[in-house]
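Q: Those protein sequence lines, which keep their order, are chains A and B. Using this note's numbering, read the first sequence as starting at -12 and increasing by one per residue. Using this note's numbering, read the second sequence as starting at 504 and increasing by one per residue.
Take the hints with a grain of salt, since some may be wrong.
Said to hold, decoys possible - Once the Cα atoms are required to be at most 20 Å apart in a straight line, the calculated SDA-like pairs of lysine to any residue come out as:
no., chain 1, residue 1, chain 2, residue 2
1, B, Lys543, A, Lys56
2, B, Lys544, A, Gln(-3)
3, A, Lys56, A, Gln(-7)
4, A, Lys65, A, Ile99
5, B, Lys555, A, Gln87
6, B, Lys543, A, Asp(-5)
7, B, Lys544, A, Ile47
8, B, Lys539, A, Lys56
9, B, Lys522, B, Thr510
10, B, Lys543, A, Lys65
11, B, Lys543, A, Leu(-6)
12, B, Lys544, A, Lys56
13, B, Lys543, A, Gln32
No wet-lab data here; the hints were simulated from the structure.
So you can see what is in the structure, the chains are spelled out below.
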Amino acid sequence: AQSVTQLDSQVPVFEEAPVELRCNYSSSVSVYLFWYVQYPNQGLQLLLKYLSGSTLVKGINGFEAEFNKSQTSFHLRKPSVHISDTAEYFCAVSEVGGNQFYFGTGTSLTVIP
Amino acid sequence: ETGVTQTPRHLVMGMTNKKSLKCEQHLGHNAMYWYKQSAKKPLELMFVYNFKEQTENNSVPSRFSPECPNSSHLFLHLHTLQPEDSALYLCASSQEWGGNIQYFGAGTRLSVL
């Protein structure tokens, strides 16, 4: 089974500052990688995904993530955050050919005015 | 709007009550999932249905009983729950089991008194 580690449970950042949310996974096999965002009182919304190809993936709302196979990481970044980015962010991994999604424990991003 | 609708959004029930959660997807997907989301824990996969057949039951107590009458609808029947069952219950769907993107509903916030 996979394990997905989101080292930072809470990340406060000032508005218009850059942010990076970290995600590491344990698998040595081929994987698909995802970031989901959960706004208060809502379900999970897909932010971006890596399935194959370019290791730099762009998603909605100006977010991007880079797949680093050697470091088994898929960190999420945004160059300038907005108040509306305040939410919980979940990293998820599934093995190519596998049936399960594995989620991290989430990172709570708070954007400070 | 993700195409996955859950009702009710909020539910308060006593330990002796019987209630049901409903999930409906309008995406033409063949796989549906129930997850439990508790504070500061990874999402816990509870059940998976693929083409209306249950394919996963991750050691979920029998007080949770799923039902999938067709590929578009998924229910979670609840009876004699415990206070520790209070959580956000999320439904998701994907094109097929093991599909590489899951789409989530907004969830049902359940409180067991």
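Q: The structure should be examined with respect to each hint, and the outcome stated for every one.
A: Hints and how they fare:
1. Lys543(B) / Lys56(A): 27 Å, violated
2. Lys544(B) / Gln(-3)(A): 14 Å, holds
3. Lys56(A) / Gln(-7)(A): It holds: about 16 Å lies between the C-alpha atoms, which stays within 20 Å.
4. Lys65(A) / Ile99(A): 15 Å, holds
5. Lys555(B) / Gln87(A): 17 Å, holds
6. Lys543(B) / Asp(-5)(A): 12 Å, holds
7. Lys544(B) / Ile47(A): Violated - the C-alpha atoms of Ile47(A) and Lys544(B) are around 25 Å apart, more than 20 Å.
8. Lys539(B) / Lys56(A): Since the Cα atoms of Lys539(B) and Lys56(A) sit roughly 30 Å apart, the hinted pair is violated (cutoff 20 Å).
9. Lys522(B) / Thr510(B): Holds, at roughly 11 Å.
10. Lys543(B) / Lys65(A): Not OK: Lys543(B) and Lys65(A) at ~24 Å, beyond 20 Å, violated.
11. Lys543(B) / Leu(-6)(A): With Cα atoms ~12 Å apart, Lys543(B) and Leu(-6)(A) stay inside 20 Å; holds.
12. Lys544(B) / Lys56(A): 26 Å, violated
13. Lys543(B) / Gln32(A): 18 Å, holds
Checked against the numbered hints given earlier, this structure breaks hints 1, 7, 8, 10 and 12; the rest are met.
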